[in-house]
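**Student:** Single-letter residue listing:
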Amino acid sequence: MSETDPVAAFRVEAGEVLEQVEQGLLDLGHRLDDHDLIDAVFRGLHTLKGSGAMFGFDALASFTHHCETAFDRVRKNLTPATPQLIAVILSAQDHMRALIDGDGTERKAEGDAILAKLQAALDGAPAPTPAPAPAEQGWRLSLRLPPEAMQNGINPLTLLDELRTLGDCRVVARTEQVPLLGDLVPTHCMIGWDVELRGAVAKADIEDVFIFVMDDMDLQIEQIGPALCDDARNAAAAPAPFASPSPSASPSATTPASLPAPIDDSRPANAQEPAAAPNGRGAPKTGESVRVPAERLDLLMDRVGELVIVQSRLSQLAHSSAADVALHSISEEIERLASELRDTVMVLRMVPVATLFGRFRRLVHDIARDTGKTIELSTDGETTEVDKTVIERLADPLIHLIRNACDHGVEHPEQRLAAGKPVAGHVRLSARQEGGEVVITIRDDGHGIDRDRVRAKAESHGLIQPAQVVSDQELLQMIFHPGFSTAPQITSLSGRGVGMDVVKRTIESLRGTIDVESVLGQGSTVSLRIPLTLAIIDGLLIRVGDGRYVIPLGVVEECIELSLEEDLRSRGRSFITLRDRLVPFVRLREMFVTGTKPSVHQKIVIIATGTERVGLVVDQIIGSHQTVIKPMSPVHCNVPTFAGATILGDGGVALILDVVQLVALGQHQEERLRAVA
Amino acid sequence: MTMEETSQTEWDEDGWLEVLTFDLQTEKFAVEAVLVREILDLLPETVVPGADRLVASVANFRGKIIPIADLRLAFGLPFADSTMDSRIVVVELDVDGVQTQIGIRTDKVHEVTTLHRDASEPPPTVGLRWRRDYIRELVRTPQGVIVLANLARIFDPLLGGRGTTPVLAPALL
Amino acid sequence: MTASILIVDDSNSVRMAIRMALTGAGYAVTEAADGAQGLSKANGSRFDMIITDLNMPNMDGLSMIRALRKNPAQCGTPILFLTTESEDAMKQQAKAAGATGWLVKPFVPEQLTKVVRKVLGR
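Taken in sequence, the protein lines are chains B, G and X. Every letter in the first sequence is one number past the one before it in numbering that gives the first Met the number 0, and letter 247, counting from 1, is 246. Every letter in the second sequence is one number past the one before it in numbering that gives the first Met the number 0, and letter 117, counting from 1, is 116. Every letter in the third sequence is one number past the one before it in numbering that gives the first Met the number 0, and letter 1, counting from 1, is 0.
Next up, chain B with everything else stripped away, as it sits in the complex (with noise of 0.2 Å):
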């Protein structure tokens, strides 16, 4: 029990319900009459000025009541949602941040002036129309719907659900048309049902319901008066033909002096939403789950580190031909526990990327805003999972790029509208895992990358000659150099060409790569390739010379020989050919600098990384490692081909290599042969 301070606690939960009203503030942007999202947000702000006012935050408190008795309006049907009751409630979310987060000065002005912005919403409102004063108080309804009707689409439940939502309903199902199992056709619909539904609904809005299957159903409707809700009310059983014993008193059956005034009370005509809310939509996932401070992971991490480097020292031990049997069944019962437990514990570290991409639908809604452009976010991979280091550092850079996507990519909508796209932009934010990567894509459907604006700002930076030839590529690569933007005005959002090149060193420093696609007139695609940050990795542990290194063993895919008369027969090629492809290969000797002869039984690990191959020439493959990464010191951070170091079980090293870059190495290689051949 870290969490002494009830305050801080507080915080963290109100920011988290803060979230969460946004998140369903958004939503109820979409869908206006979604009834679940309505009470969800007023859920949230009648919590956060409950707890508020216990913990002391009178100003949010008080601020917070307003909005909830706005929403508690809304949640009465006595005022619709409206696109401007919500734009002001999501403007009031970043006054109550402030007061959540803030010094304690009450921001009295600020929420005045939203509180004032709150009630023109309301009272502008447009009046729910009404419908002709329904006297009735109530109906009796007994509907048969034809045997087919489900297999033609027709779902009675959701009949049912849109009854309810004009009132109270009490259904009862009539089951004896049901044939026996025999004879029984599951796609047939041989319930019948009996509703007694309660409220001043016009008849025309319960045939409403039933419009598309009204010429093939038997449908009776029947009136109850008020005289028979009385009746009804007392009886303790229902007449016949309602064969349910039901409770006398329905508690939710009105009286007509507590009506509600009449105004308030009808629905407006285009405003019905079934009620049935669609599983877990909007409804926050329950489940045990516990708070842990992130630096006991990191603890636990360590400690899991160390145990995996003295366990192989020991099942070094147990191989040796001194060890006895018994030590060596034991040895691997261990490494058995050992590899599990550090499975159990890599899982802890993952996140889901949906906490990233539920930020930046409040970005994009109000760059949107800010613009005067349609943008819609879309995303997708949400589960997609990170290592937690990752995820955290990827915030700003994606910022960045949806920024730029809706800023740079995204056309107004008069020029859109004249290049004949739809009004509404697009923006989509996708994850997936890929081999040992999370590759995350920002694509947008905007006007995409000028590549003469861009050449004529990398030859006027110096970066490239007048005449030179450059691939397409290399060109679209300049746009991340520091102090470039082509944008022809710097807006507030993004331009100052402070973005691109910040993006770019952030997503090398976690040692992914950063790839820009953009076709004129349809639109960009920037995809980010993020390493799985893994602090134990299985590896596949090799001797180059008198050094041992250790390759990932997610991104090998075979390995083969390479004979003594094959390795002088390729000098000055480096290629071979597998399975009718050609892949380019390196000798890690070389490279290292060994000094040493080569082995006589050389071999090719072959690795990949997406869809490029490169073959690494070693002396000598050792075996598999449960390798714990441990960081290379900053001292070498200029080295590019490791990626990290490992202990081995002996006490040596053993440096990690660098997929990414070797498999970069071995394509200019490639490239620079090709230009030569």
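Take the hints with a grain of salt, since some may be wrong.
Straight-line Cα separation of at most 20 Å, DMTMM-like style, residue types lysine to aspartate or glutamate; simulated pairs [stated by the list, open to error]:
no. : chain 1 : residue 1 : chain 2 : residue 2
1   : G       : Lys-63    : B       : Glu-305
2   : B       : Lys-420   : X       : Asp-9
3   : B       : Lys-107   : B       : Asp-57
4   : X       : Lys-113   : B       : Asp-35
Chain X regions said to be covered by chain B (calculated; three or more residues, Cβ under 8 Å) [as the list claims (entries may be wrong)]:
no. : stretch
5   : 12-19
6   : 22-36
7   : 66-79
8   : 89-102
9   : 111-119
Just the calculated beta-carbon pair ranges, DEER-fashion [unchecked claim]:
no. : chain 1 : residue 1 : chain 2 : residue 2 : range
10  : X       : Thr-29    : B       : Arg-358   : 24 to 34 Å
11  : X       : Thr-29    : B       : His-411   : 21 to 31 Å
12  : B       : Arg-335   : G       : Lys-63    : 25 to 35 Å
13  : B       : His-411   : X       : Val-103   : 30 to 40 Å
14  : G       : Glu-12    : B       : Gly-651   : 39 to 49 Å
Derived by calculation from the structure, the hints in this document are not laboratory data. Backbone N, C-alpha and C define an ideal beta-carbon position, used for all residues, glycine too.
Mind docking chains G and X on chain B? Use the hints.
**Tutor:** Just chains G and X, lined up with the frame of chain B:
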């Protein structure tokens, strides 16, 4: 400047500074005692291909991978094999707020002693056969001149910067 | 999970208008330009709803609906068709062919989303 010099690496108010003295070849050197973590016998070293020659290898120091630096290269001193007296002095320097350990190979370690500011003078601008910025002070003692090395300056180019000035003395490159 | 809807209509602008309305409401949309395309796309994937015009080349709406309903995998998939006010007889035919409901042209986006929501339940 990426590395900070704490106040303890400065002369105190009476003009004293605690240092560890050691030999590199025939010359006497010193580093601020506050930076020294440990003195070890030589460790097995693993070469890091592609690293700057000043820190050409690493070693396993209690489960941590630390670079082993050869200051002889920084000062252009001739290379010689290790002897029984060779030791590794592990120092800890502050890099951008992160404590970084580096092992310095020495030919012989002497002692922890204090030097006085009055006996010291900054390295001369001419006539010095070593890189001037690698030296904080030259200190006269009864045993001879001690070179107080500027570790921060020696290791700085290796950290964070790419394509910065090379560390090694031109004569030996 | 986002509901996925297939739109079948030979008019590019109608498809576009429907797409805009539906994606704005949070649905995922796929398009087909005639009955044959619609049939092959529907049978190739699972859609939560199909919206189709009736007058199309290469297989009209009625034939497509009939063919769809023959596939047991399409059992229970709601199918809405687009009709003009005057085509009352068509409604009967379409229902007989297996359609679930209809939408009268021309319609405003809110009408469309209202009906979609009603039939889908989400």
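**Student:** Now tell me, hint by hint, if it's right for this structure.
**Tutor:** Tested hints:
1. The suggested pairing of Lys-63 of chain G with Glu-305 of chain B holds, with an alpha-carbon distance near 11 Å, which does not exceed 20 Å.
2. With a C-alpha separation of about 19 Å, the suggested pairing of Lys-420 of chain B with Asp-9 of chain X holds against the 20 Å cut-off.
3. Simply put, Lys-107 of chain B and Asp-57 of chain B have alpha-carbon atoms about 12 Å apart, close enough for the 20 Å limit, and the pair holds.
4. Straight-line distance between C-alpha atoms of Lys-113 of chain X and Asp-35 of chain B comes to about 17 Å, which keeps the hinted pair within the 20 Å bound.
5. Counting residues of the stretch 12-19 of chain X whose beta carbon lies closer than 8 Å to any beta carbon of chain B gives 3, which reaches the threshold of three, so the coverage claim holds.
6. With 4 residues bearing a CB less than 8 Å from a CB of chain B, the stretch 22-36 of chain X meets the requirement of three and the coverage assertion stands.
7. Residues of the stretch 66-79 of chain X with a Cβ under 8 Å from some Cβ of chain B number 6, which satisfies the need for three, so the listed coverage holds.
8. Against chain B, the stretch 89-102 of chain X contributes 7 residues with a C-beta closer than 8 Å to a partner C-beta. That satisfies the three-residue criterion, and the hint holds.
9. With 5 residues having a Cβ less than 8 Å from any Cβ of chain B, the stretch 111-119 of chain X passes the three-residue criterion, so the hint holds.
10. Against the hinted window of 24 to 34 Å, the Cβ-Cβ separation of Thr-29 of chain X and Arg-358 of chain B comes to about 30 Å, which satisfies the hint.
11. Checked against the hint of 21 to 31 Å, the C-beta distance between Thr-29 of chain X and His-411 of chain B comes to roughly 28 Å, which is consistent with it.
12. For the pair Arg-335 of chain B and Lys-63 of chain G, the beta carbons lie near 28 Å from each other, so the given range of 25 to 35 Å is met.
13. Range check, His-411 of chain B to Val-103 of chain X: about 34 Å between beta-carbon atoms, so the 30 to 40 Å window is met.
14. A hinted range of 39 to 49 Å for the beta carbons of Glu-12 of chain G and Gly-651 of chain B is consistent with their spacing of about 47 Å.
The structure shown violates none of the earlier numbered hints.
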